[in-house]
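Protein sequence lines, in the order shown, are assigned to chains Z and B. Those letters in the first sequence? Residues 1 to 285, by the UniProt record's numbering. Those letters in the second sequence? Residues 1 to 416, by the UniProt record's numbering.
Worth flagging that the hints you see were computed from the coordinates, not collected in a lab. Keep in mind that a hint or two might mislead.
[Unchecked claim] Capping the alpha-carbon separation at 20 angstroms, the derived lysine to aspartate or glutamate pairs in DMTMM-like fashion look like this: (1) B:Lys252 / B:Glu189; (2) Z:Lys218 / B:Asp97; (3) B:Lys358 / Z:Asp69; (4) Z:Lys245 / Z:Asp186; (5) B:Lys358 / Z:Asp105; (6) B:Lys252 / B:Glu204; (7) B:Lys378 / B:Asp306; (8) Z:Lys218 / B:Glu94; (9) Z:Lys218 / B:Asp5; (10) B:Lys358 / Z:Asp255; (11) Z:Lys218 / Z:Asp186.
[To be verified] These stretches of chain Z come out as covered by chain B in the derived footprint (C-beta under 8 angstroms, 3 or more residues): (12) 25-37; (13) 88-94; (14) 123-132; (15) 170-176; (16) 181-194; (17) 215-227; (18) 235-246.
Computed from a predicted structure; not experimentally measured. Heads up, the beta-carbon is just placed ideally off N, CA and C, and yes, glycines get one too.
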Amino acid sequence: MTHHVIRLDAPDDFDGWRDAARALAGSGVPADRVLWQVGDQPADLFATPHRAPVAPISPSAARLNVPRDFIQLARSVVLHRDPERFSLLYALLLRVLHRPALMQDATDPLRRRVEGLSQAVRRDMHKMRAFVRFREITMPGQDGDAAEGQSRFVAWFEPDHHITRTNAAFFVGRFATMHWSILTPDAAIHWDGTTLRQGPGASAADAAPGDPLEEVWKAYYSAIFNPARLNPRAMLSEMPMKYWKNLPEAALIPDLMATARARELDMIERSRAAQGRHGTAKVGR
Amino acid sequence: MAQLDISQKLTILADAAKYDASCASSGAKKRDSRDGTGIGSITGGGGICHAYAPDGRCISLLKILLTNSCIFDCHYCINRRSSNVRRARFTAPEVVDLTLNFYRRNYIEGLFLSSGIIASANYTMEQIVEVARSLREDHDFRGYIHLKTIPNADAELIAQAGRYADRVSINVELPTRQGLERLAPEKSETQIEGAMADMATVIEDGADARKRYKSAPRYAPAGQSTQMIIGADAANDRDIVRRASGLYTRFKLKRVYYSAFSPIPDASAVLPLQRPPMQREHRLYQSDWLIRCYDFSLAEVTSVADTATGMLPLDIDPKLAWALKFRGQFPVDVNRAPREMLLRIPGLGPTAVNRLLKARRYRSLRLADVARATTSVKKLRPFIICEDWRPLALTDSADLKALITPKPKQMELFAV
Numbered sequence: 001m002t003h004h005v006i007r008l009d010a011p012d013d014f015d016g017w018r019d020a021a022r023a024l025a026g027s028g029v030p031a032d033r034v035l036w037q038v039g040d041q042p043a044d045l046f047a048t049p050h051r052a053p054v055a056p057i058s059p060s061a062a063r064l065n066v067p068r069d070f071i072q073l074a075r076s077v078v079l080h081r082d083p084e085r086f087s088l089l090y091a092l093l094l095r096v097l098h099r100p101a102l103m104q105d106a107t108d109p110l111r112r113r114v115e116g117l118s119q120a121v122r123r124d125m126h127k128m129r130a131f132v133r134f135r136e137i138t139m140p141g142q143d144g145d146a147a148e149g150q151s152r153f154v155a156w157f158e159p160d161h162h163i164t165r166t167n168a169a170f171f172v173g174r175f176a177t178m179h180w181s182i183l184t185p186d187a188a189i190h191w192d193g194t195t196l197r198q199g200p201g202a203s204a205a206d207a208a209p210g211d212p213l214e215e216v217w218k219a220y221y222s223a224i225f226n227p228a229r230l231n232p233r234a235m236l237s238e239m240p241m242k243y244w245k246n247l248p249e250a251a252l253i254p255d256l257m258a259t260a261r262a263r264e265l266d267m268i269e270r271s272r273a274a275q276g277r278h279g280t281a282k283v284g285r
Numbered sequence: 001m002a003q004l005d006i007s008q009k010l011t012i013l014a015d016a017a018k019y020d021a022s023c024a025s026s027g028a029k030k031r032d033s034r035d036g037t038g039i040g041s042i043t044g045g046g047g048i049c050h051a052y053a054p055d056g057r058c059i060s061l062l063k064i065l066l067t068n069s070c071i072f073d074c075h076y077c078i079n080r081r082s083s084n085v086r087r088a089r090f091t092a093p094e095v096v097d098l099t100l101n102f103y104r105r106n107y108i109e110g111l112f113l114s115s116g117i118i119a120s121a122n123y124t125m126e127q128i129v130e131v132a133r134s135l136r137e138d139h140d141f142r143g144y145i146h147l148k149t150i151p152n153a154d155a156e157l158i159a160q161a162g163r164y165a166d167r168v169s170i171n172v173e174l175p176t177r178q179g180l181e182r183l184a185p186e187k188s189e190t191q192i193e194g195a196m197a198d199m200a201t202v203i204e205d206g207a208d209a210r211k212r213y214k215s216a217p218r219y220a221p222a223g224q225s226t227q228m229i230i231g232a233d234a235a236n237d238r239d240i241v242r243r244a245s246g247l248y249t250r251f252k253l254k255r256v257y258y259s260a261f262s263p264i265p266d267a268s269a270v271l272p273l274q275r276p277p278m279q280r281e282h283r284l285y286q287s288d289w290l291i292r293c294y295d296f297s298l299a300e301v302t303s304v305a306d307t308a309t310g311m312l313p314l315d316i317d318p319k320l321a322w323a324l325k326f327r328g329q330f331p332v333d334v335n336r337a338p339r340e341m342l343l344r345i346p347g348l349g350p351t352a353v354n355r356l357l358k359a360r361r362y363r364s365l366r367l368a369d370v371a372r373a374t375t376s377v378k379k380l381r382p383f384i385i386c387e388d389w390r391p392l393a394l395t396d397s398a399d400l401k402a403l404i405t406p407k408p409k410q411m412e413l414f415a416v
């Protein structure tokens, strides 16, 4: 039994996947005859030990027409960390080519599973846009003209999936005139006001603390919290604890929660005392 | 009084602003700063919540007052003239700096600026508008701006606010005129609604002009919203839903926010001591959704309120309450029923309904198909018919409510 081994350049290599998938589908290669890998790493957990590449498939195979929403779906699913993503997508592609209406059918198990991967990626991208926290770092100027030092904004973030490069466009559009870097364990992106550069993974220590604005932000976070409405479950569903270590304000949460009830009771007690002074007053029409 | 630094002022002026429920950064037009000299973007769609406070509320905007000094004495308000809270005032440049500094660090989507009324309505409005003007014109800021407008400020100032802001709002404060007269004696419903009507006209005329001239300025593209306080006066849920519905239709509001009255420091003696259950606010929001997103009519929503008290049930959501009350409408055949009827099935939202509508064009849906298109099929089962499923007269049984009502949970961490 022979397999085609497809070697992709990077974990988020959508173009590589698309080119290979197009050629494979054009040659009628079934999904269980393809092994996908990133670089030299086997990407598919179920890869058989006998990987004998067959003759290269012709890249000029027939033009394939797939619905546009399939391409959109595939672009995001490729960013998922699930090692099976490439083969799931290829299996879905073969079925969509056969029956384009499958893209409309949310009840199909494979279609649902792939959609689930896409949802996880989109959520991860959204949370990165929400929870990246820049720190301002003033760079010493060149050759002693320290006054000319350009400040740079640096953030450390740990995404669940391979979203950093794809998400860069959002940050470029938003912080176009700033100089910034977003560092993650797998990759880094740097913007200098005109060009986006990519770099290798970094560590948390590379985004040094010490930005005085963090204290002002924490003052805001404390003050905007209403202790009479404590509802940690709602907070945790949108801001799970896995994000807390990189959010400066999250350090305040335990104390805000612990003192909330006492603060509320204190307000009620004072009101009661005040009403005692004013005589009883009832609200009504 | 000793000079307050920025952090101290922020603590006072954010604390004073937190009773405004809205923090939405949604509905604005898509834009970014690639061709600009400043920063900021709107991604379109839902907006971004950059943090959540332990009260579960989204922190999307820097929500502050310009000053918490106020010439009014509204009983429900922490900033009323007779309250002895500490007072502070930001200058316009201070707010501009703070907004930009927070925005640069990706803490926020933008600014929600309100103010206590000082000197006069016009003076206060001018100060608010100046902050927005400076952000937009001096700094080319393209993030989100929500401005509170002051009733009976000049129409010209209100229009300027709409020119710079993505969203504007005026709070109706209380659900009934009687409530407003009692708790905010210096405010008037006529004035508040007049300002809303003026703003609605500004927004509509602006949209009209843009149809004819591409370069015509946009006015508050994310529309106007309002807020009312729940549980501080005697209004019942039926009054509240009716008032909200009237506001939506008369002023084309984007949102009506409900803020369950909660104890404040140095409360007025006229206020109730205890807050209403938070669940009440939640049920009102659900009824609001039913009207805005589920094609329910006002009469349908109010029909589930208790006839005597006018209150919505607290133990079950209003959609389930409607289904139980009109159980003759069920079960609904998911393979044949029209969209409006699918939307009435408890546990089924617009996204799942769209999925089912698409999928059933290609196949006759079975229970397993419905399960894959929805988050949980368990709640749906008594209400639907599909290819391989028909409830066993479950909707007729008297104890249906007991069967599907969620087990009572302690909704609030501590009951007072």
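Consistency of the hints with the structure:
1. Restraint check for Lys252 (chain B) and Glu189 (chain B): the C-alpha separation of about 17 angstroms stays at or below 20 angstroms, so the hint holds.
2. Using a Cα cut-off of 20 angstroms, the hinted pair Lys218 (chain Z) and Asp97 (chain B) holds, with the two alpha carbons roughly 17 angstroms apart.
3. For the given pair, Lys358 (chain B) sits about 14 angstroms from Asp69 (chain Z) by alpha-carbon distance, which is consistent with the 20 angstroms threshold.
4. Restraint check: the Cα-Cα separation between Lys245 (chain Z) and Asp186 (chain Z) comes to about 18 angstroms, which is no more than 20 angstroms; the hinted pair holds.
5. A hinted pair counts as satisfied when its Cα atoms are at most 20 angstroms apart, and Lys358 (chain B) with Asp105 (chain Z) qualifies at roughly 6 angstroms.
6. The hinted pair formed by Lys252 (chain B) and Glu204 (chain B) meets the criterion: a straight-line CA distance of about 10 angstroms does not exceed 20 angstroms.
7. Of the supplied pair hints, the one linking Lys378 (chain B) and Asp306 (chain B) is violated, its CA atoms being roughly 27 angstroms apart against a limit of 20 angstroms.
8. With a C-alpha separation of about 18 angstroms, the suggested pairing of Lys218 (chain Z) with Glu94 (chain B) holds against the 20 angstroms cut-off.
9. Proximity of Lys218 (chain Z) to Asp5 (chain B) is assessed by CA-CA distance (about 15 angstroms); at most 20 angstroms being required, the pair is judged to hold.
10. Between the alpha carbons of Lys358 (chain B) and Asp255 (chain Z) the distance comes to roughly 49 angstroms, so the proposed pair goes past 20 angstroms and is violated.
11. Annotation: proposed proximity of Lys218 (chain Z) to Asp186 (chain Z) is violated, straight-line Cα distance about 29 angstroms (limit 20 angstroms).
12. Counting residues of the segment 25-37 of chain Z whose CB falls under 8 angstroms from any CB of chain B gives 0; the rule of at least 3 is not met.
13. Three residues within the 8 angstroms Cβ limit are the bar, and the segment 88-94 of chain Z against chain B gives 0, so the coverage statement is violated.
14. Judged by the Cβ-Cβ criterion of 8 angstroms, the segment 123-132 of chain Z is covered by chain B as claimed, because 5 of its residues qualify and three suffice.
15. Check result for the segment 170-176 of chain Z against chain B: holds, 6 residues qualifying (beta carbon to beta carbon below 8 angstroms, three or more required).
16. Only residues whose C-beta sits within less than 8 angstroms of a C-beta in chain B count toward coverage, and the segment 181-194 of chain Z has 0 of them, not enough to reach three; the restraint is violated.
17. Residues of the segment 215-227 of chain Z with a Cβ under 8 angstroms from some Cβ of chain B number 12, which satisfies the need for three, so the listed coverage holds.
18. Three residues within the 8 angstroms Cβ limit are the bar, and the segment 235-246 of chain Z against chain B gives 3, so the coverage statement holds.
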